[in-house]
Amino acid sequence: MTTRRRRLAVLAWLSVLSLAGSAAQSPQRIISLVPALTEMLFTIGAGPQVVAVSSYDEDPPQVKSLPRVGALLDPDVERILSLKPDLVITYASQTDLHAQLTRAAIPMFDYRHGGLAGIVDTLRALGVRTGHAREAEAAAGEIEARLAAIRARTAGAPRPRTLLVFGRERGALRNIYASGGRGFLHDMLVAAGGTNIFAEIDRESVQATTELILARAPEVILEVRSSDILSREEAEREAASWRPLASVPAVRQNRVVVLTGKGLTVPGPRVAEVVARMADALR
Amino acid sequence: MSLRRRLLTVVGAFGALALLVLVWAPTVGSTSIDLGRVFDTSIPWADNVDAQIFFVARLPRVMAGALIGATLAAAGVVLQALMRNPLATPFTLGVSAGAALGAMLAIAFRLDVGTLGVSSVPIASFIGSLAAIAIVYGLASSQRRGLSTNVLLLAGVTLNSFFSALILFVQYLSDFAESFRTVRWLMGDLDIGSYGPILAATPFILAAFAVFAVLPRALNLLTMGEDVAAGRGVEVARAQRWAFFSASLATGAAVSLGGPVGFIGIVVPHLVRLMVGSDHRVVLPAATLFGAAFLVLCDLLARTIMAPLEIPVGIITALIGGPFFLWLLVRQS
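Quick mapping for you: the protein sequence lines, in order, are chains A and B.
When you line the first sequence up against this note's numbering, it's residues 18 to 300, in that order.
When you line the second sequence up against this note's numbering, it's residues 55 to 387, in that order.
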């Protein structure tokens, strides 16, 4: 055996050993600072391993009884350390927290906000990291299958030019925030069979002025409200707020849809459901 | 030159500038429109995109800009004279901080109190500004007859910090989307999308301007000191009260309409003084007209230079106003 081959063989053996080791000691005390990933953990069966969550976590209902350890901007390091985690799920931008956890020798799983494809990738990686690779693969596969089914259903159908709004002042056409051509909201709209009217703007969010909306003339206005939950009448009233823009085809043809519900803008395991709702709204 | 002639010349010149800007501004924007189509009544309203861009998107915006710019500049002039302090602005007395707190609460707690074509946020911010006016006035008039301008200033500055702390607290409690919206509100935004908010703010602003119209003589004398003014027959306490209430009410209405657009209330009065002297009978109308033109021009830049993206107008007013003011200051000295 040449030296090179021997080295490769040793390397291969070592990696098998380390894989086996990591599977044997998958983390048992996980803290998640990322609500979307908390949902993923529960989806893939790692829920019982979660010992604390962020202050913004609401789903699934089991998290309500768990301790809170701050969030993106204000992680409570003391509290995190006192809970003796063996894995902390953090945002990639939490550099101070990273330094502190590294000093304390606590392993981390870094989350980077990405597009729709990033969601299933994260799901799979999280599965491998927490010892639930099989369940994660199944969940990711299901999301992909559902998305593929929606794509197949909308293929060939006209793709309406859509304004996807995720923030607006109640009862007025002010402070309108819409999805630009980047990020998972845009990806969801495309997967649902729509064409984003701001696709060429390489940003996640665009403050859309009334002039811009009149000029771009969307055929559908899709409003997503995830933190501001509306009743049916309120949703109808909010849809009516668009009436002053009478020349916009979406307004003329009554194709202003307000989708409301918690989790609509969470890049978590429920994305396929949200894409399905969007696809229905676009039809 | 007699006052009458000077007034006519200055108001004529600034009026012409304001008129020019007001007529020109709605014709330009991030999209090009056909003015012929805009005024073509044979095209049904629902089909006429050009007319809608002109009348729904741009005209309310230009009108709001003119109203807010005029109001903040005039209120700046009045308050600088009242306080005998060149650094006083419409935001010094805590009115805008009160308005901001009202707006923050409406955004963070998703208040639903919209009425008569005006949404919750402007209403809440106007109520906030009224609360701030009441508190500052209560403090400044509790000590003696009339208003103590020193207490007024100190109470205003303290209230500003106190409200700012409350604003930060509300922001901290709200979630990310709300938090961003509150920050954006503080940068000023004139895209109001309808005439309702303008109609609602106008009566308060008109009432304030009616008071401004009779104030200049008293302001001229007040800047020389309360004793001098009293000696020349000015009812000091009354003049101060009127000046304070009118300027504060106008500021509250302007801020609730477009957010606390910074810098206009301090830069425009000083710019105008550098150009026309310090007689308030000339400064006040000139600053009003120049303030209107200045904010509409700044907003024109805000909505076009990075189109289709928009720059918050408060950033433009400070970016242009600051260096321009410094340049004029250096040149004059």
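Everything labelled a hint here was simulated from the structure, so no lab data went into it.
For every residue, glycine included, the Cβ atom is placed at its ideal position computed from N, Cα and C.
It is possible that some hints are incorrect.
Unchecked claim - Selected chain B positions facing chain A (in silico; Cβ < 10 Å): (1) S84; (2) A100; (3) S173; (4) A267.
Here is how each hint holds up against the structure:
no.	hint	verdict
1	S84	6 Å, holds
2	A100	5 Å, holds
3	S173	4 Å, holds
4	A267	32 Å, violated
Against the hints set out earlier in the document, a violation occurs for number 4 only.
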